[in-house]
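> Using the sequences provided together with the hints, build the complete structure.
Residue-level listing of the chains:
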Amino acid sequence: MIVTLRLSTMSPPTSPILSVQPTRGLVDEKLKVVVESLPPGSPVTLHSLHHSEDEDYWEAFGHYVSDFRGMVSVSEDLSFGGTYTGKEDMGLLWSMRPVPGSRKGLRLRKMNVCSPMLHNISVYSGHVSEGFREQTPLTSVLVERWYMAPGVKRIDIMEKGVRGTLFIPPGPGPFPGLLDMWGGGGGLIEYRSALLASHGYVSLAMDYFNSQELESADLEFKYFETAFNIIKEHPQVIPDRVGMFGLSLGSLVTMHVAAESTIVKPRCCICVSGSHFYPRDRTIKEVIMEPRSNSHRLRIDENNHHVWRDMWIHLLDDPSKKVDVGKINCPILLVNGKDDQNVPADECAEDIALLMNAAGNGHLLSRVLYPDTGHLIEPPYSPHFRASNFKAAGVATKTVMLLWGGQTKPHSDAQEDAWRKILSFLQHNLYSSTPPRAKL
Amino acid sequence: MDRKRCTLKLLVQPSRGLVDEMFIILVQKAPSGFQLTVHALHKCEDGHSWEAFGHYTADTIGTVNVSEDPSLGGTYSGVEQMGLLWSLRPVPGSKPGLRLRKMNVQIPMEVTISVYQGHQTEGFMDQVPLASVVVERWYMAPGVSRIPITEDRLSATLFLPPGPGPFPGLLDLWGGGGQLVEYRASLLASHGIASLALDYLTAKIIMETGKMVDLQYFEKAYKILEQHPQVHGSSIGMLGLSLGTSITLKMAVYSEVMKLRCAVCISGCHMQPVDGSVEEILKYFNQNADRTRISEENELIWRDVLLPVPSDLAFKVDMGRLKCPLLVVVGEDDQNWPASESAMDMKEMMEQAGNSHLLTVLSYPNAGHLIEPPYTPHARASLFRSMATREKMMALWGGETAAHSLAQEDAWRKLLVFLRENLYSGTNPGTPSLSHL
Chain A
9 MIVTLRLSTM SPPTSPILSV QPTRGLVDEK LKVVVESLPP GSPVTLHSLH
59 HSEDEDYWEA FGHYVSDFRG MVSVSEDLSF GGTYTGKEDM GLLWSMRPVP
109 GSRKGLRLRK MNVCSPMLHN ISVYSGHVSE GFREQTPLTS VLVERWYMAP
159 GVKRIDIMEK GVRGTLFIPP GPGPFPGLLD MWGGGGGLIE YRSALLASHG
209 YVSLAMDYFN SQELESADLE FKYFETAFNI IKEHPQVIPD RVGMFGLSLG
259 SLVTMHVAAE STIVKPRCCI CVSGSHFYPR DRTIKEVIME PRSNSHRLRI
309 DENNHHVWRD MWIHLLDDPS KKVDVGKINC PILLVNGKDD QNVPADECAE
359 DIALLMNAAG NGHLLSRVLY PDTGHLIEPP YSPHFRASNF KAAGVATKTV
409 MLLWGGQTKP HSDAQEDAWR KILSFLQHNL YSSTPPRAKL
Chain B
9 MDRKRCTLKL LVQPSRGLVD EMFIILVQKA PSGFQLTVHA LHKCEDGHSW
59 EAFGHYTADT IGTVNVSEDP SLGGTYSGVE QMGLLWSLRP VPGSKPGLRL
109 RKMNVQIPME VTISVYQGHQ TEGFMDQVPL ASVVVERWYM APGVSRIPIT
159 EDRLSATLFL PPGPGPFPGL LDLWGGGGQL VEYRASLLAS HGIASLALDY
209 LTAKIIMETG KMVDLQYFEK AYKILEQHPQ VHGSSIGMLG LSLGTSITLK
259 MAVYSEVMKL RCAVCISGCH MQPVDGSVEE ILKYFNQNAD RTRISEENEL
309 IWRDVLLPVP SDLAFKVDMG RLKCPLLVVV GEDDQNWPAS ESAMDMKEMM
359 EQAGNSHLLT VLSYPNAGHL IEPPYTPHAR ASLFRSMATR EKMMALWGGE
409 TAAHSLAQED AWRKLLVFLR ENLYSGTNPG TPSLSHL
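Chains as they are written, first to last, in the working numbering: chain A, 9 to 448; chain B, 9 to 445.
I should point out that these hints are in silico values taken from the structure, not numbers from a laboratory.
All of these numbers come straight from a predicted model, not from anything done at the bench.
Ideal placement from N, C-alpha and C gives every residue a C-beta, glycine not left out.
Just to be clear, a hint being listed does not mean it is correct.
[Stated by the list, open to error] Here are the simulated EDC-like cross-link-like pairs (lysine to aspartate or glutamate), alpha carbons at most 20 Å apart as the crow flies:
| id | chain 1 | residue 1 | chain 2 | residue 2 |
| --- | --- | --- | --- | --- |
| 1 | B | 422 | A | 44 |
| 2 | A | 38 | B | 29 |
| 3 | A | 168 | A | 152 |
| 4 | A | 161 | B | 118 |
| 5 | A | 161 | B | 144 |
| 6 | B | 17 | A | 36 |
| 7 | A | 230 | A | 268 |
| 8 | A | 38 | B | 144 |
| 9 | B | 37 | B | 67 |
| 10 | B | 212 | B | 222 |
| 11 | B | 17 | A | 37 |
| 12 | B | 219 | B | 283 |
| 13 | A | 40 | B | 29 |
| 14 | A | 118 | A | 63 |
| 15 | A | 417 | A | 44 |
[Stated by the list, open to error] Sample of chain A residues with no beta-carbon within 10 Å of chain B, all distances over it, derived:
| id | residue |
| --- | --- |
| 16 | 32 |
| 17 | 128 |
| 18 | 144 |
| 19 | 147 |
| 20 | 151 |
| 21 | 431 |
This is how it looks when you write it as structure tokens:
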């Protein structure tokens, strides 16, 4: 006799339950992703999908196996394949890459910080590596990732020739302030300032390429001093607690102003992926043009990516071509990647240390150098790209594929670690009531 | 303390959460032993301001953790992690009889949490706090779709969870105040249940025809859910509060069309004319309107109108015929409906009929009538326009704030577990995770 077991067609579905906490969080907060009510020991794929402002699709995924209770916990279990492997609680974000068939050289950056980044987190049956769009997931949730905490105010600044956006934390204040500067790509990039304001710093994101004011080196210098003072004089800012934060070219500006300004006294400086090569009396625009005149030092690798790192190394031997870092008299944190292919960050950091030690202010310097990490050290969990399209701002050049460097997993670890160290450095120097003195 | 040199830090996590999620409020770097007031301020959609506050003393390292430290006074006392929300009350000088309800669920409630120096009880608006943050409380999770429903002349809104589905479904009914109230349905959709909020007292069809809806109105709503491609048709439940329970019980027991998987009745009764629809139920209530009492504060106590529980089976739902699990939630201090008495009678009827294994009664001492999703402020009385009498009056709902808020928190958690257990398959190996609630 054959006995057949029939499943009741009237029973409700045993659909797995996906929970992601928080569903609305800041971009630097961790996610807890848990799947329950799966069949025990079943292979599943956790997938994240993001549709960018540029209309591209980015995805990440990990291959998991549920336990005897039918549960998968991304922070505790291991991924056995996908865009990341191992125990990676945030792998679904940092390992994102453009979906197959996308345009080349993409970079993921949020331009409108008043709205969140949306990520669709889904569970697929089995270990899937492609064709996610053609399949229906078992379940999915939508997660919002914000650069702006509730209550942060965003104010357009067009004052004394300075163009930028000011972000002010909620509350009466007064707060410490930060002048936030990006690199040679130019434009008004707000997201890091919005995030810093969400951590309690009045931050001014600056556009320092498109202004008419930057015709001469003198005027340009005054531009940065004016911007700094706009923050310092704001009624909600503690005037002697204003620092500077730069990435790439922004680092250079930071070091130069900190060293040379008689008016502006930053309380502390953070320089990410910067060099200290500053041909004296030249403007930023001219510094950007430098690659053109040094084109024999430009390398183009086997993938047709432009590698700029060697273009200025010869300047290490010429003091007149470097920022006089011996004159910096505030704590300064350098954050660099050892695999930075855009700027010789490692060598520059070494040189800066030598110069500052010789000048007697070496105790102000802290450096962190991350292995296998590239040039674009961004806030944590943002995807890594070894190269991307780049067009220098305000310069009539064509778009090239610039090599930034870094390997995805170590670079992502560096971003997470660096951000924590940066926030701790800022907290110590801008919030603490003891006078700034110590290193990290 | 010199505000210019103040390094006090205030942190609320999460800064954006669902209304039924807990938050952690941490004050750090205050001077050791510092006395401070943590204050919450909310401006509701009607433009009224609501506030709550607790008095704390920082420990030796200058920290106050609202989830661990006791409030020494204010609008709540003791260790109350969510006291700043559930003890919200209209600021002094507000008009009486206010009730806090979110009508637009697509934008969050914004609450400003601040720290003031010292143990203060008034005049917060005239002072500058030491620190403050803004917290968003959402009735809708990201990805939940809000779909207005007007077909079949219904006035309803469907909330679908994110994802492919199919999802279990739920009909969500409020009480005698009418209107299309969406916030509980949107919150349930945020928990994975496709929920339909239904207006059955002030719906367009009623405004246009001048007549109350018949039972087919509710069956049409059920069919909308049942036939929806993203709803699992054999997994539909019904939830009612107050007058909504009357409809829920009638449909659960008598409807040939509705095959409910389970039902939830909050602060309601089974006493009603067995025949007839909304009109007949309201007439029945009006019959004994002279039994209403007035409290010392001039508030209307309505509960006696439905008492005593009749023995005539023409006037109470035949609970012995119920075939699905039923969760009954009652506040023992309900001054509006005799929910406790009704629950006892329902239990007796079901024990006699042999189906009492379907019944779960959650009875909360000192809780009132309006048992809402957790952390929403308690209103012991408020201005109410009854659709039965068409008059606006101050209705006494009952309940003592702290006990009522605890009841809301507990009832909601148990309600979600009940719905999950009954609307999803019963053979799940693991328990759904509700640990963040």
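> Now tell me if each hint is right for this structure.
Going through the hints against the structure:
| no. | hint | in the structure |
| --- | --- | --- |
| 1 | B/422 <-> A/44 | holds, 19 Å |
| 2 | A/38 <-> B/29 | holds, 17 Å |
| 3 | A/168 <-> A/152 | violated, 37 Å |
| 4 | A/161 <-> B/118 | holds, 14 Å |
| 5 | A/161 <-> B/144 | holds, 15 Å |
| 6 | B/17 <-> A/36 | holds, 19 Å |
| 7 | A/230 <-> A/268 | holds, 11 Å |
| 8 | A/38 <-> B/144 | holds, 19 Å |
| 9 | B/37 <-> B/67 | holds, 10 Å |
| 10 | B/212 <-> B/222 | holds, 14 Å |
| 11 | B/17 <-> A/37 | holds, 18 Å |
| 12 | B/219 <-> B/283 | holds, 17 Å |
| 13 | A/40 <-> B/29 | holds, 15 Å |
| 14 | A/118 <-> A/63 | holds, 12 Å |
| 15 | A/417 <-> A/44 | violated, 28 Å |
| 16 | 32 | violated, 4 Å |
| 17 | 128 | violated, 8 Å |
| 18 | 144 | violated, 5 Å |
| 19 | 147 | violated, 5 Å |
| 20 | 151 | violated, 6 Å |
| 21 | 431 | holds, 12 Å |
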